[in-house]
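Novice: As a plain string of letters, each chain reads:
Number of protein chains: 2
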Amino acid sequence: MKVGIIGLGLIGGSLGLDLQANGFASSVSGWDQDEQHRQQALELGLVNELAELEEMKQNCELIILAIPVGAIVKVLPQVLDGASKGLTVTDMGSTKNSIAEAVEKHPQRALYVASHPMAGTEFSGPAAAIPQLYVGKVAIICDREKSAEKGVHLVERMYRSLYMRVRHMKANEHDLHAAYVSHISHISSFVLANTVLNKEKSERAIFDLASGGFESTARLAKSSPEMWAPIFDQNKKALLEVIDIYSEQMQLVRNYIEKGDINAMKNWMKKANEIKRILN
Amino acid sequence: MKVGIIGLGLIGGSLGLDLQANGFASSVSGWDQDEQHRQQALELGLVNELAELEEMKQNCELIILAIPVGAIVKVLPQVLDGASKGLTVTDMGSTKNSIAEAVEKHPQRALYVASHPMAGTEFSGPAAAIPQLYVGKVAIICDREKSAEKGVHLVERMYRSLYMRVRHMKANEHDLHAAYVSHISHISSFVLANTVLNKEKSERAIFDLASGGFESTARLAKSSPEMWAPIFDQNKKALLEVIDIYSEQMQLVRNYIEKGDINAMKNWMKKANEIKRILN
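Going down the list, the sequences are from chains A and B.
The first sequence runs 1 to 280 under this note's numbering.
The second sequence runs 281 to 560 under this note's numbering.
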């Protein structure tokens, strides 16, 4: 099957690599609005060939949008406009509500399958693409009842070909869960990095002390602002709510520390330790 | 050389393993107040033999305290009491000021070398001990002018035998840097875990979405409350300051998100991206 990927960075590029390698795609066409990225993706073998959107709509059975969520909202209706019934379109955006709304009334809505593979690294661009980025991770498909059954099966089959586990949920549930688990993790990591950079004037000290936990906790602060700013914007409501709960928790432990209440600190940390049971 | 280690958890146990393996110690004696841990450490080969403090003071050239900082403050003066001039004592505590104060006027103060190896994992206890935990990491020695030169050289030699890089600073500088880099990382990770656990009622959703950045950012929330509560307590002043700066940064990005100011978000994240340059 011919597959088209729009956006050839970490997410789209890694997908292109694996869909060629595992044989799901007989050929992968790619496009990126950045000319240098297009050429780089071709040289790195992330795609077999370059093709513009209209060409993909003629030749591909599946088109995947791997661009920032702000761009998906604009490009997705164009992909659906006048598309043939044989086409399935999916996206890999980290928010789902705004995108769902953007195509809610589109006559070709059924060709679109909303999805989000929960995978990534803190790096970006075609050079960051790696094989097997998706293996063992979870792919979420949203609002399946709004999509043609055939398209849902195709997208499920694609994710399973990458050894992903497929879950279904509503777009609004997805965005709430994503805010509470993934998006706040990024926010807290950016906040940590900016706190340390603003206050700790000694770069040597940061470097020397980084192995004391900072390095892993601040890892996500290396993430792409171009990708994350639109995600935070699109998931504003849920994110403001979770930021407020986060800030309350921070004030709670601040008060324990200020009072020197070691037992309260321990009990509060023991609650946090619960996360071991869920993650392991 | 005979070495004694008090506290046979992750830190002391990993040290015992490596000091035997690299030949720095001809024999490692160990003690832990928890009888089960003592036996486990012996069975796992973290130490060659068990010995109580008074016996170590007779037989060891170097005694290392690898116990929580609240316990170091109590045990260190006992180790120094009546110790012979041939003994060097060091500790591996994550704060240095309170410990320095606890022995400031001690007649044997010069036998003590204040140190902190910047290494660890989120696990604890003898079973968490691993070889080469310290390789390539930084060990900080504080207030060297208050210690006998011979002791400082011995402790430096020990850390270098583990392939650590040795840095020197004042105890109060250490605590400030540690608050700004290491301790706040732990706080923010505990806060993140408690935020998610309080609000996200679906454990399945946490598990499914954890690969979206949560897993690494919340890793430190698995850390031992017994170890960290006394650290936060002893480093109260610096930590309250850094928590307040952290909270300001959180409110800053909250306002950008609320206003939908994508450019301000991007610029703020670009600043955080700076951390790449320092860490890489």
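Errors might be hidden in some of the hints.
[Unchecked claim] The list that follows gives simulated cross-link-like pairs (lysine-lysine, DSS-like), each with its CA atoms no further than 25 angstroms apart:
id, chain 1, residue 1, chain 2, residue 2
1, A, Lys137, A, Lys105
2, B, Lys550, B, Lys539
3, A, Lys276, B, Lys551
4, B, Lys517, A, Lys270
5, B, Lys546, A, Lys74
6, A, Lys201, B, Lys551
7, A, Lys259, B, Lys539
8, A, Lys199, B, Lys481
9, B, Lys556, A, Lys199
[What the hints assert, rightly or not] Calculated from the model, a selection of chain B residues having no Cβ within reach of chain A, i.e. all distances over 12 angstroms:
id, residue
10, Gln358
11, His386
12, Leu434
13, Glu436
14, Arg437
15, Arg440
16, Glu495
Don't read these hints as lab results, they were simulated from the structure.
Owing to the predicted nature of the structure, the values given are computational and were not obtained by experimental measurement.
No residue lacks a Cβ here, since even glycine has one placed at the ideal position from N, Cα and C.
Novice: Take the hints in turn and mark each one as holding or not.
Specialist: Comparing the hints with the structure gives:
1. A:Lys137 / A:Lys105: 32 angstroms, violated
2. B:Lys550 / B:Lys539: 19 angstroms, holds
3. A:Lys276 / B:Lys551: 32 angstroms, violated
4. B:Lys517 / A:Lys270: 23 angstroms, holds
5. B:Lys546 / A:Lys74: Roughly 20 angstroms between the alpha carbons, so the hint for Lys546 of chain B and Lys74 of chain A holds.
6. A:Lys201 / B:Lys551: Since the Cα atoms of Lys201 of chain A and Lys551 of chain B sit roughly 14 angstroms apart, the hinted pair holds (cutoff 25 angstroms).
7. A:Lys259 / B:Lys539: 35 angstroms, violated
8. A:Lys199 / B:Lys481: 36 angstroms, violated
9. B:Lys556 / A:Lys199: 17 angstroms, holds
10. Gln358: 21 angstroms, holds
11. His386: At about 24 angstroms from chain A, His386 of chain B clears the 12 angstroms cut-off, so the statement holds.
12. Leu434: 22 angstroms, holds
13. Glu436: Correct as stated: the minimum Cβ-Cβ distance to chain A is 15 angstroms, above 12 angstroms.
14. Arg437: Given a closest Cβ separation of 20 angstroms, the condition holds.
15. Arg440: Nearest chain A Cβ is 15 angstroms from Arg440 of chain B, so the label holds.
16. Glu495: Check fails; 6 angstroms does not lie beyond 12 angstroms.
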